[in-house]
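Asks: Chains as they are written, first to last, in my numbering: chain A, 1 to 349; chain B, 1 to 352; chain C, 1 to 420; chain D, 1 to 337.
Since the hints were derived computationally from the structure, they do not count as laboratory data.
Quantities reported herein were computed from a predicted structural model and do not represent experimental measurements.
Heads up, some of the hints might be wrong.
Which chain A residues face chain C? A few, computed with CB under 8 angstroms, are given here [as the list claims (entries may be wrong)]: (1) P50; (2) A118; (3) Y202; (4) S206; (5) I211; (6) L288; (7) I289; (8) S292; (9) R293; (10) Q294; (11) N304.
Don't be surprised by glycine CBs; every beta carbon is placed ideally from N, CA and C.
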Amino acid sequence: MTRAWAFLSRRRAGSNWDWTDIVTFVWLGAGLFIVFGPALWLVLSSLKSPAQLSEFPPTLMPYEARSVIVAGYENPLPLYKVTDDAGTRTLAEVRRVGTVAQMVDPADPGTIQKINIANRTPERDIGFSWSNYTDPFLKFDFLNYTKNSVFVTTMATLITLLTNSMAAFALSKYEFRGRGFVIVLIVATLMIPLSVILVPLYSIISGVGLINSLWGVILPTVATPTGVFLLRQYMLTIPYELLEAARMDHASEWQIYWRIVLPLTAPALAVLAIFSVVWRWNDFLWPLIVLSRQEVYTLQVGLNAYAGELNVQWHYLLAMTVMTMVPVVLVFIFLQRFITAGIAGSGLK
Amino acid sequence: MGRIALHNIRKAYGAVEVLKGIDLSINEGELVVFVGPSGCGKSTLLRMISGLDRPTGGTIEIDGQDVTRRSAADRGLAMVFQSYALYPHMTVWQNMAFGLQNTRMPKAEIAERIADAARLLEIEPLLDRRPGQLSGGQRQRVAIGRAIVRRPTAFLLDEPLSNLDAELRVSMRAELTALHSRLGATMIHVTHDQVEAMTMADRIVVLRAGRVEQVDTPLNLYNVPNNLFVAGFIGAPGMNLWPATPETKGSFLLEGGTKLELPHLDLAGPVTFGLRPQHLRLDENGPLTAKVTLVEALGAESVVHAELEGGVRLLAVLPGQPDLALRSQIRFAFDPAALHVFDAQGQRVKTG
Amino acid sequence: MKKTVTAFTLGLSLLASTAMAGDVRMMWYSDGVEGEVMKDLLARFHAQNPDINVILDEVAYKVVQEQLQIQLEAGSGPDIARVTNIKTLAPHWLNLTPYLSDPDYWRTNFGAYADWMREDGSDAITGFMTQLTLTGGFANKTLFEQAGVAMPGAGATWDDWVNASAEVAKSQGTAAAFAIDRSGHRISGPNASYGANYIAADGMPAPMDAGSKAFAEKLVGWVADGKMLKDTWVAASGSTYRAAADDFINAAIPFYYSGSWQIANLSSKIGTGFDWVAIGSPCGTVACSGLAGGAALVAVKYTKNPEDVAKVMEFLGSEEIVKEFSERTLFLPAHAGVVTKGGLKWDTKDPNVGAALDKFVSAATEVAPAAAALPSWKWASAYYGALVNRISQVMAGELTLDDAYTKIDSDIAEQVAAAK
Amino acid sequence: MKPLASILGAVIAAPLGWIAGLAEAPLRLWQRLTGKGGMIAFFLLPNMAIFGVFVLFPLIINIVYSTTSGSALFLSDRDFVGLGQYERLLRCDDYTNTLTCQEDQFWTAVKNTAVFVVVQVGLLISIATATALILNREIMGRSFWRAMFFFPVLLSPVVVGLIWRWILDRNGALNAALVGVGLDPVNWLLERGWAFAATIGITIWAHLGFYALILLAGLQAIPRDLYEAAEMDGTPPGRVFWRITLPLLMPNLLVVIVLSLIRAVQVFDEAYVLTGGGPGTATLYLTQYIYEVGFASLLKNPGLASAASILMGGVLIVLTLVQLGLSNRNEKKGKQK
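Work the whole structure out from these sequences, hints included.
Replies: Here is the structure:
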């Protein structure tokens, strides 16, 4: 333990503790709480029953009422802890009439006791409402939504990587008239948010007949200039001599792109791929607009179907939100090395 | 195989003319070195030959065929780049095989050629490594190996030694020369280092500002430089160059005031005298009086920096370790036959 | 370029899935269990009509509100849709009359609400109400009893109810006395009770009148003195809808003004937590009015197979199906035959539900004429939106009431102008 | 992790390589026939075609939209009004009082967005810099901490908004915690200041890791010997930060500032889910205004929304061009030859 602490507190040059170390540890500790706390809270909440979700104050863990089978009663009866003049005891509730509950002692099922409801609290155990997770798959076609999401994410990412890297290659490794113009165009539109072109884009998609098609979701997103910009910046660092060497080596321009430039752009491609997967997986507003048929729903759109005019089915919504987070968390766990190293190394500027 | 002829090659980037009409013919099996100060156009010229850039005017012939419009890959040449341009994501073997695979050569032959080249260059243990795991010298060999396996009609080497440290450069220089004699292939080597040019070349092409100043064997360049530029550029340390004006017949006044009696010369108008530092010797009766400013004793010889009258600088290489005090006055003599004379335009003046 | 785009488009269209003949697509949103019930009913329909394949697209309410309109304007969209914005979108609905085997059955049983879902002056049959709603209040009986406060009886005014609730809130320490959903529709019944009339003589929107102002002033006052739960109205901007049902369910308010559609929701979430009652609408100066409304199932005129659509509609609109649907979803039926015959067996064990539904049925008779005219009035949405938007700004302290009145009038005028 | 990734890479790369091999022969022919120009076209065309159809073209249509009126969504059904929509957006009787503006909520949104941008970007940059400095120290498990701050970046904005709404709600976890320790609960999303702060807070929460990593990359590029030299000179740490770290971090800092500025101007999803623009209009931002006017409300006014979006797009393009200029300057500085 002491060794672990010594290791943890190891500092540069082995000098004494100073305020910067304290700031470091406080910030990292707080960060741990602030970053993962909310996510954890979401996961725990997603396992609560609808009634428990609207409770205040909310409990940390999901609970379910404890019930007991009492002789003479057909259904299991909920247990309550009762505290009144007669002391504290555990009783099962038969029925409630206004502010008065009729309760029995499970050991003595014959005697009905009348208890003011203010004097009792339900007995509960930690219990998980797994049905929040299973119902959507049984009642709604979540498996199909997942398939659609995977399709959109994969295709969009592949097309993004291919077309963006091709364009970036042309824009970084060839001199031609109008190149500057294309670059300015791409950069100028780099940060135009979807909401700005929502309406005209919808009419275009509808004009080409891609409403309710997964391609209507995929195509507008793969053209985002971000990828071209990022890859071009990275390709600029590949020395021109390599391409000339390849040309001397009888390589065609396509081979130069595919065999030389693309492998060397791998770090930036990895970053773009990760971002593309995350972005496309999380896309919400645009798919919501394009897709209104159940068989083409993506997960995020399917999720939204839990919001009715008057009520939101929070228990399903939270559970499925957690489900949609799973791939992102997997990406996070398996690829975090690439993300951090890739962003740091890809000159993402 | 491997004759290259350039006719009136010109290259301009916009209004800037980089090559101003170059004629040159390179013989089969020759090792030709392009040398000149940076910006003289030597690398540009090499790239014209390689086909990576197109000239704005003139023609390039290889083995009698006009290849001016042909692409780089179709000229049958191989190039070694200054940065080696090894593909970082491929192993040494893959680097060497890449070009051959692109020509759809049978696998067995690729393997054989690479094995041969690897043996020749002693890089067999490195074949599975990637360029990042190699030292500078090893990368250099791999880059050459990549060129060798192609069996090109000619090798083009673009300052291939400039990224090596001094010691390695000397040994690689020798190796390249040995390689050349073993392969017997035409090689064009570009460098800004005249020592490299002198030691390696069959013939040297001295370039300045987009023009060829002189093409000749190293020793001819040294002994009979065609003009002031070549005279000053070739040889280390550099030639002493003293502007002078004739006073009377056979008598010249150097800038700064030193008088020289050279009865065999009958020249009118201002001239520049050139004298290699090695051709000066100590002589108490010599015609040149100079004040010693610095002595670099190298053991076998000493380089003496001195000033003639009027602060004109003089450089002499003296054998052994002469005992010269700083700021002492000494006198030099020289063999008048060793004196190079250049006219006001900088061209060599024949002196018999 | 154009050629490329065309070729490109063509290629893409091949990839896009196309609807097959015989398919009927129905866009449906759910507040509770009605999606499952509908799925069940459609399965039964398919068993009887194997050649017609009805595909149920369950969507979020937002999709119906936002995307459907655009799809319709593009001449596409589903064949049948469940909508609440029935009047505004009326030009897009299909006149089913020629396809129905018995149009008179529809006129007789759904005729009362036919005007809600067709253009002014038309006599088309475009669909039917899947659910009739009426705005009204709910009270937490247990809280009232625990506080020892008597619930105001019949004829009690808004002030009576809010003040009684405030007493309960004070004694029981709840967050506030009452809440009303953040919706222009919700406050329009009470407005009418205070004499408001939105519709001018020419059928266009009238300026804010004394009735509307009276209730708006009360609302703002209740927020200011903490009687009305601040969250629902103040917490959002624009015309965003927010319900306060969760606060009522959580016993944070003893009195909640919403509507009949909450019954199923309250029943399932409150369970045995406390007893609650529907109280209808409290009275204003001229009436004790709620506001009717609901969701309609309408046919879309861009459908390619109207005969099939009509068959689906006839099946779903038949008396026994309407009855079953209502019983299982705990929705008030809009079918004259079902209503007059009565005897609905509500599919619930909760004793609070039957009483509440009955209360709403009786409250329906008290709707003021000014309120009754609203569901079939073209500009109602514009009025509702402006009311919510501006009154909540007053509650947030951003506007004075007088500024709000001016803004509401100009907002509505602009909307009317923008829509030509 | 590395072998897994390389196996994965191989599995994906092998079939792709095969396809690319198939493309080789026809493309070589194409290259012979059309030369370099043809190849440039080949490389550019797929992306530029999609970009043109789905980004550029809608942008242009949007400009046309902004000159029309009516609630119809398709251009042919709309009336040309010239600059009418812009006039409506920009007209105020008294520019010091947004209430007198014809579109007072547009101005409210502009004002809110402006304040948001200034405060959020300032805070975000400071916190990201501090975080990068901390992550640049020699601490145990540095890669974990680095990744940890990056985690929220991966979440969808809607999820971010949902999570925090779930926490900051009157009945949420934060208030439960406050009650738990005996404090009074706060109605976080109902108090104007708190709600505004909450939108700033959660957008920082969601984006911090991204910017911290860019800054960290910049910090790691600063040569160590500079710090050693400073230590030899006995320079106090504060001075080291201001005189060495900050100037050398400037290129990355500029990138971060401009990127975060652009993103801040566009703030929408997270804030919309969290506060819905409330309380009142305290967190009504420009994008939400556009979204509501043009898309979400029952009576849509796409022309007005387009005009507002073009005004906003203009600001964004200026910001991106500033970034282009700045990064070009850096590029030129760092260019070889």
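Asks: Please go over all the hints and tell whether each is borne out by the structure.
Replies: Comparing the hints with the structure gives:
1. P50: holds, 6 angstroms
2. A118: holds, 7 angstroms
3. Y202: It holds, given that the least Cβ distance between Y202(A) and chain C is near 6 angstroms, below 8 angstroms.
4. S206: holds, 5 angstroms
5. I211: With a closest approach of 6 angstroms, the I211(A) hint holds.
6. L288: At about 7 angstroms, which falls below the 8 angstroms cut-off, the nearest Cβ of chain C leaves the hint on L288(A) intact, so it holds.
7. I289: holds, 6 angstroms
8. S292: holds, 6 angstroms
9. R293: For R293(A), the interface hint holds, since the closest Cβ of chain C sits about 5 angstroms away, which is under 8 angstroms.
10. Q294: holds, 5 angstroms
11. N304: holds, 4 angstroms
In the structure shown, no violation is registered for any of the earlier numbered hints.
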